[in-house]
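Protein chains in written order, with the numbering used here: chain A, 1 to 173; chain B, 1 to 167.
Treat the hints loosely; a few may be bogus.
Below, computed lysine-lysine pairings styled on DSS-like, alpha-carbon distance capped at 25 Å [as the list claims (entries may be wrong)]:
| hint | chain 1 | residue 1 | chain 2 | residue 2 |
| --- | --- | --- | --- | --- |
| 1 | A | Lys43 | B | Lys160 |
| 2 | B | Lys163 | A | Lys43 |
| 3 | B | Lys74 | B | Lys47 |
Computed Cβ-Cβ distance ranges for the label pairs, DEER-style [to be verified]:
| hint | chain 1 | residue 1 | chain 2 | residue 2 | range |
| --- | --- | --- | --- | --- | --- |
| 4 | B | Ala6 | A | Ala69 | 19 to 25 Å |
| 5 | A | Ala69 | B | Asp75 | 17 to 23 Å |
| 6 | A | Gly18 | B | Leu61 | 18 to 24 Å |
Among chain B residues calculated to face chain A with C-beta under 10 Å, some are [as the list claims (entries may be wrong)]:
| hint | residue |
| --- | --- |
| 7 | Arg25 |
| 8 | Ala28 |
| 9 | Asp38 |
| 10 | Gln42 |
| 11 | Glu43 |
| 12 | Phe127 |
| 13 | Gln132 |
Note that these hints are calculated values from the structure, not bench results.
Beta carbons are placed, not taken as given, at the ideal position from N, Cα and C, and that holds for glycine.
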Amino acid sequence: MNDCEVLRDRMPEVAHGGDPWTVAEAAHLAACESCAAEWPVIKQGAMLYADLPIAVDVVAERVVRQLRAAGARPSVIGRIGWRTAMIGLTAVAATVALLLRPTPARRPIPDIAMDTAALGVLPELQGLNQSELQAVMQTLPSGNTDTVTSAVPHLDDLTDTELEQLLRSEGGE
Amino acid sequence: MLAWLAGDEGAAGEIVRRHGAQLGRYLAAAGAGTSDIDDLVQETFFKAFRGMSAWRGEGSLRGWLFRIAGNLLKDRFRQNKGRIFLEIDDHDVPDSSDPAGELVASETGRALKAGLRRLPRLQREVFLLRVQQGLEYADIAHAVGSTPGAARVHYHHAVKRLKELLA
Numbered sequence: 001m002n003d004c005e006v007l008r009d010r011m012p013e014v015a016h017g018g019d020p021w022t023v024a025e026a027a028h029l030a031a032c033e034s035c036a037a038e039w040p041v042i043k044q045g046a047m048l049y050a051d052l053p054i055a056v057d058v059v060a061e062r063v064v065r066q067l068r069a070a071g072a073r074p075s076v077i078g079r080i081g082w083r084t085a086m087i088g089l090t091a092v093a094a095t096v097a098l099l100l101r102p103t104p105a106r107r108p109i110p111d112i113a114m115d116t117a118a119l120g121v122l123p124e125l126q127g128l129n130q131s132e133l134q135a136v137m138q139t140l141p142s143g144n145t146d147t148v149t150s151a152v153p154h155l156d157d158l159t160d161t162e163l164e165q166l167l168r169s170e171g172g173e
Numbered sequence: 001m002l003a004w005l006a007g008d009e010g011a012a013g014e015i016v017r018r019h020g021a022q023l024g025r026y027l028a029a030a031g032a033g034t035s036d037i038d039d040l041v042q043e044t045f046f047k048a049f050r051g052m053s054a055w056r057g058e059g060s061l062r063g064w065l066f067r068i069a070g071n072l073l074k075d076r077f078r079q080n081k082g083r084i085f086l087e088i089d090d091h092d093v094p095d096s097s098d099p100a101g102e103l104v105a106s107e108t109g110r111a112l113k114a115g116l117r118r119l120p121r122l123q124r125e126v127f128l129l130r131v132q133q134g135l136e137y138a139d140i141a142h143a144v145g146s147t148p149g150a151a152r153v154h155y156h157h158a159v160k161r162l163k164e165l166l167a
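Input sequences plus hints: build the corresponding full structure.
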């Protein structure tokens, strides 16, 4: 925007008592014939019918009376009706109840890598991804999990002598 | 407006008191007969409160009120077969201790009113909303059902024409 456009854009604001002309703007206004011709139009335009007598109190009273007579209820509930309001409130309450309902704890998804680490069995499997693990599992004979766990001897498998030896070693005797 | 929507009937009266005088000035300058102004202001507010749901908070409340007022004025013009009233009186002349300046202002005011009568309706309304009411182009666009860019163009045409008429 050039100086004229900036000044003309500001004219209504200045005419309405906003920020007064800056020194530069006042200088332009004094020097520019076109802007100087526009300013009185705007200044006078801002004052048009400034003193027009309007009985706003009377009009306000009449508007309120007219609204009352027409049954224009101001409240939102008044406008949409009690039945609609109750349906809406019930729907909101149901939604809130659903959102606040305690959710059951989810079962953790088994992590094969974590399980193998915890068991301390075949730690080299930890570096494999899921598809590689599945490929490994397919190569194992069925019931292979038993094979893995059966590597740990059960007490039932021990003889009485072995059991006594074990109890003695655990008891420090 | 929110107070009225919340059920405060008195808030309606307060809104009329706050904006009524400006609406009246606008209607008078836009061509309403002086005797019609109170009725038009009342009708504008009545329609505004009844049609509150149509506002939806788009644009300013003032812009919306001016839109209703402008539509009512258009209807009134149709009823009067296009005649508009721009009365030559002293309502626009401020008190002044400078009689010479007052005279010039008075002459300019009269010439301006006469010039406004010769403008197309849209140019006249945009000029008044911008200059008399101090609205921004976005609100003016909402009030006259146009775009801010188009409102700016109407404004510049109006000012150019008025400058020629007052020269």
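Hints and how they fare:
1. A C-alpha spacing of about 15 Å is found between lysine 43(A) and lysine 160(B), which places the hinted pair at or below 25 Å, so the restraint holds.
2. Annotation: proposed proximity of lysine 163(B) to lysine 43(A) holds, straight-line Cα distance about 12 Å (limit 25 Å).
3. For the hint linking lysine 74(B) to lysine 47(B), the alpha-carbon distance of about 15 Å falls within 25 Å, and the restraint holds.
4. For alanine 6(B) and alanine 69(A), the Cβ-Cβ distance of about 21 Å falls inside the hinted range of 19 to 25 Å, so the restraint holds.
5. Distance hint check for alanine 69(A) and aspartate 75(B): the Cβ-Cβ separation is about 22 Å, which falls inside the suggested range of 17 to 23 Å.
6. Checked against the given bound of 18 to 24 Å, the beta carbons of glycine 18(A) and leucine 61(B), roughly 21 Å apart, stay inside it.
7. Annotation: arginine 25(B) was flagged as interfacial toward chain A, and the flag holds, the nearest CB pair being 4 Å apart, inside 10 Å.
8. Interface restraint check for alanine 28(B): the shortest CB-CB distance to chain A comes to about 5 Å, inside 10 Å, so the restraint holds.
9. Of the supplied interface hints, the one on aspartate 38(B) holds, with its beta-carbon coming within about 6 Å of a beta-carbon of chain A, less than 10 Å.
10. Checking glutamine 42(B) against chain A by beta carbon gives a least distance of about 5 Å; that is within 10 Å, so the hint holds.
11. Interface restraint check for glutamate 43(B): the shortest CB-CB distance to chain A comes to about 9 Å, inside 10 Å, so the restraint holds.
12. With a least beta-carbon distance of about 7 Å to chain A, the hint placing phenylalanine 127(B) at the interface is held under the 10 Å criterion.
13. The closest approach between the C-beta of glutamine 132(B) and any C-beta of chain A is roughly 5 Å, which is under the 10 Å cut-off, so the hint is satisfied.
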